[in-house]
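*Asks:* Build out the structure end to end from the sequences listed, making use of the hints.
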Amino acid sequence: MSEIYDIGYRHYDGPRLGRAYATRALTVHSLRGIFGLGRTARSKIMPFSLFVIMLLPAVVAVATMALAQQRILPYSGFAVIMQAVVAVFLAAQAPTVVAPDLRYRVLPLYLSRPVSIAEYVGAKVTAMTAALFLLVAVPLTLIYAGELVVDMPGPPATGEYLGSVLMALLLAVLMSSFGLALASFTPRRGLGVASVIAVYLLSSASVPLIYGSLYASGNEAAASWAWLANPFWLVDSVQSWLFGTPPHIPEGDYPSGPASAAALVVLVALAVGALALRYRKAAAR
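Count along the sequence shown starting at 1, add 772, and that's the number in the numbering used here.
The set of hints was computed from the structure by calculation and includes no laboratory data.
Note that the structure is a prediction, hence the values are computed from the model and not measured.
A portion of the hints provided could be inaccurate.
To be verified - Straight-line C-alpha distance at most 20 angstroms; calculated SDA-like pairs for lysine to any residue:
{"#": "1", "residue 1": "K816", "residue 2": "R804"}
{"#": "2", "residue 1": "K1053", "residue 2": "A890"}
{"#": "3", "residue 1": "K1053", "residue 2": "L1042"}
{"#": "4", "residue 1": "K1053", "residue 2": "L881"}
{"#": "5", "residue 1": "K816", "residue 2": "R791"}
*Replies:* This is how it looks when you write it as structure tokens:
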């Protein structure tokens, strides 16, 4: 004979804020985690140190404009020049966004609420995109503000600044999608860091070699496509097409602008799709 015991649990009868609120809360939580907010002091060292490193060229650029009345750092080339710092930031912080949930197998807990795989992945990509965008856009804005305050000869480079900020957003979307996809294939943070930085180093080191080999063999058209294997030069190619800025590559030229833009869209779609498949598989366990 069974008995029913009243152990005092009550049903929740408060307001239900819905899926949009849950997704937004997950995005904010992930963004705070990237910068170590709400965590130990050691978690803040890497992201804020890299942020300061990104600001140093901007400070030097503003000082040069004030003292010598000349620009030494082009807005359109800032992300390309500082690509190593951006890549290290992505490699160091992307695993903090995806690894803990995989390691502790809490994904089914998230999905027990009204949050789908697409919304979960979208929240993670949005958080990483916002962090990378701030990393690049804040120094650019500092340089532009310094240019306005210093009152350089001639009109301010407002168009180039706005174009570079838009490209910073596209770069952030591309880098965060690929970085999170790579880091999500292992629940170990160290392996995630190594995988992201290894892919970046491989693309940076191999692209000039591939370009040189193809160009030397007379395949100039094919050689121009080699530059797009590096995400920074891919976005720079789109920027050159949209805003007419000079290409920031050692030599040669990019393929046509529409082809570069199409390649960027396809790569982002593939990376987000791979990330969604990875989490769908993890949630099914």
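*Asks:* Indicate, hint by hint, whether the structure satisfies it.
*Replies:* Verification of the supplied hints:
About 10 angstroms separates the Cα atoms of K816 and R804, which keeps this hinted pair within 20 angstroms; it holds. Distance hint between K1053 and A890 is fulfilled; the C-alpha atoms sit about 13 angstroms from each other, no more than 20 angstroms. Between K1053 and L1042 the alpha-carbon distance is near 16 angstroms, which keeps this suggested pair within the 20 angstroms criterion. For the suggested pair K1053 and L881, the alpha carbons sit about 15 angstroms apart, so the restraint of at most 20 angstroms is met.
Between K816 and R791 the CA atoms are separated by roughly 30 angstroms; this puts the pair beyond 20 angstroms, and the hint is violated.
When held up to the earlier numbered hints, the structure conflicts with hint 5 and nothing else.
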